[in-house]
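The chain contents come next:
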Amino acid sequence: AQRVTQPEKLLSVFKGAPVELKCNYSYSGSPELFWYVQYSRQRLQLLLRHISRESIKGFTADLNKGETSFHLKKPFAQEEDSAMYYCALRKKSFQKLVFGTGTRLLVSP
Amino acid sequence: DTGVSQNPRHKITKRGQNVTFRCDPISEHNRLYWYRQTLGQGPEFLTYFQNEAQLEKSRLLSDRFSAERPKGSFSTLEIQRTEQGDSAMYLCASTYHLFLMDGNEKLFFGSGTQLSVL
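Same order as they appear, the protein sequences are chains B and H. For the first sequence, the working numbering begins at 1 and goes up steadily by one. For the second sequence, the working numbering begins at 1001 and goes up steadily by one.
Be careful, since some hints might not be right.
Below, a sample of chain B positions facing chain H; criterion: calculated Cβ distance under 10 Å [said to hold, decoys possible]:
no.	residue
1	36
2	65
3	66
4	101
Calculated cross-link-like contacts (lysine to aspartate or glutamate; reagent style EDC-like; alpha-carbon spacing at most 16 Å) [claimed, not checked]:
no.	chain 1	residue 1	chain 2	residue 2
5	H	1011	H	1078
6	B	57	B	67
7	B	57	B	20
8	B	96	H	1044
9	B	92	H	1105
10	B	92	B	20
11	B	65	B	32
12	H	1106	B	80
13	B	91	H	1083
14	H	1011	H	1068
15	H	1011	H	1105
16	H	1106	B	32
17	B	15	B	67
18	B	91	H	1078
19	H	1014	H	1063
20	B	91	H	1056
21	B	96	H	1056
22	B	96	H	1086
23	B	96	B	32
Don't read these hints as lab results, they were simulated from the structure. Owing to the predicted nature of the structure, the values given are computational and were not obtained by experimental measurement. Cβ coordinates follow ideal geometry from the N, Cα and C atoms, glycine included.
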């Protein structure tokens, strides 16, 4: 069965510091990976997906199949990045997302 | 607000009672998902609909749970004989799926219904 592991429950950094939120997955096939974010008092929303190879709000994530990782990175954290971040995986041709347990990012001034 | 709407926002019930939640997806979305989230966990898949057809149900969905999406528009999730373990946030999400364009659709989530079973 596929699984998503986010080892850090909380990541606390200062404004301007680099950020890396870790995500590892277990799945033998070709996965589709996503990062979802939930800001305070807001709904869960898509941040980025690996297939798009996009940078959203300065965040990027590269799928590393060798290390089965999809870490989320940002070179300079901002206070407004403080939120709950969930990594999610979907098997090709299947419809459900499997979420990790989430990492709370706290960016202090 | 033209996003996914869920009602009620909060529901407190006594063990053994039945509860029903409603989800109104974004109007043009043909896929609707139900997830459950407990404290400290990520959302867990429960079931999903393609239009009015329920295509997959998780093993988490015991026979006390039933979901419907009549006419392919809004959906309801009913829990019969609630148990304390059913206490959770129930999330609904929707998306538009094009046949043969598999994967990577963006899910739009509702604000959820927080269920507390006393």
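Here is how each hint holds up against the structure:
Interface hint at residue 36/B: satisfied, since its Cβ lies 8 Å from the closest Cβ of chain H, which is below the 10 Å cut-off. Annotation: residue 65/B was flagged as interfacial toward chain H, and the flag is violated, the nearest CB pair being 16 Å apart, outside 10 Å. Proximity of residue 66/B to chain H is violated relative to the hint, the smallest CB-CB distance being about 22 Å (cut-off 10 Å). Interface hint status for residue 101/B: upheld, as the beta-carbon distance to the closest one in chain H is roughly 5 Å, under 10 Å.
With a C-alpha separation of about 12 Å, the suggested pairing of residue 1011/H with residue 1078/H holds against the 16 Å cut-off. Pair hint residue 57/B plus residue 67/B does not hold up; C-alpha atoms about 25 Å apart against a cutoff of 16 Å. For the hint linking residue 57/B to residue 20/B, the alpha-carbon distance of about 14 Å falls within 16 Å, and the restraint holds. The suggested pairing of residue 96/B with residue 1044/H holds, with an alpha-carbon distance near 9 Å, which does not exceed 16 Å.
Among the hinted pairs, residue 92/B with residue 1105/H is consistent with the structure: their alpha-carbon atoms are about 12 Å apart, no more than 16 Å. Taking the CA atoms of residue 92/B and residue 20/B, the gap is near 26 Å; set against the 16 Å cutoff, the hint is violated. Restraint check for residue 65/B and residue 32/B: satisfied, since their Cα atoms lie roughly 11 Å apart, inside the 16 Å limit. For a cut-off of 16 Å, the pair hint linking residue 1106/H to residue 80/B is broken: about 22 Å separates their Cα positions.
Restraint check for residue 91/B and residue 1083/H: the C-alpha separation of about 32 Å exceeds 16 Å, so the hint is violated. Restraint check: the Cα-Cα separation between residue 1011/H and residue 1068/H comes to about 19 Å, which exceeds 16 Å; the hinted pair is violated. A hinted pair counts as satisfied when its Cα atoms are at most 16 Å apart, and residue 1011/H with residue 1105/H does not qualify at roughly 30 Å. About 12 Å separates the Cα atoms of residue 1106/H and residue 32/B, which keeps this hinted pair within 16 Å; it holds.
Taken as a hint, the residue 15/B and residue 67/B pair is broken in the structure, with Cα atoms around 29 Å apart against an allowance of 16 Å. A threshold of 16 Å between alpha carbons decides the hint, and for residue 91/B with residue 1078/H the separation of about 28 Å lies outside it, so the pair is violated. Between residue 1014/H and residue 1063/H the CA atoms are separated by roughly 19 Å; this puts the pair beyond 16 Å, and the hint is violated. A C-alpha spacing of about 14 Å is found between residue 91/B and residue 1056/H, which places the hinted pair at or below 16 Å, so the restraint holds.
This hinted pair checks out: residue 96/B and residue 1056/H have alpha carbons roughly 9 Å apart, not beyond 16 Å. With a C-alpha separation of about 21 Å, the suggested pairing of residue 96/B with residue 1086/H is violated against the 16 Å cut-off. Distance restraint check for residue 96/B and residue 32/B: the Cα-Cα separation of roughly 11 Å lies within the 16 Å cut-off, and the hinted pair is therefore satisfied.
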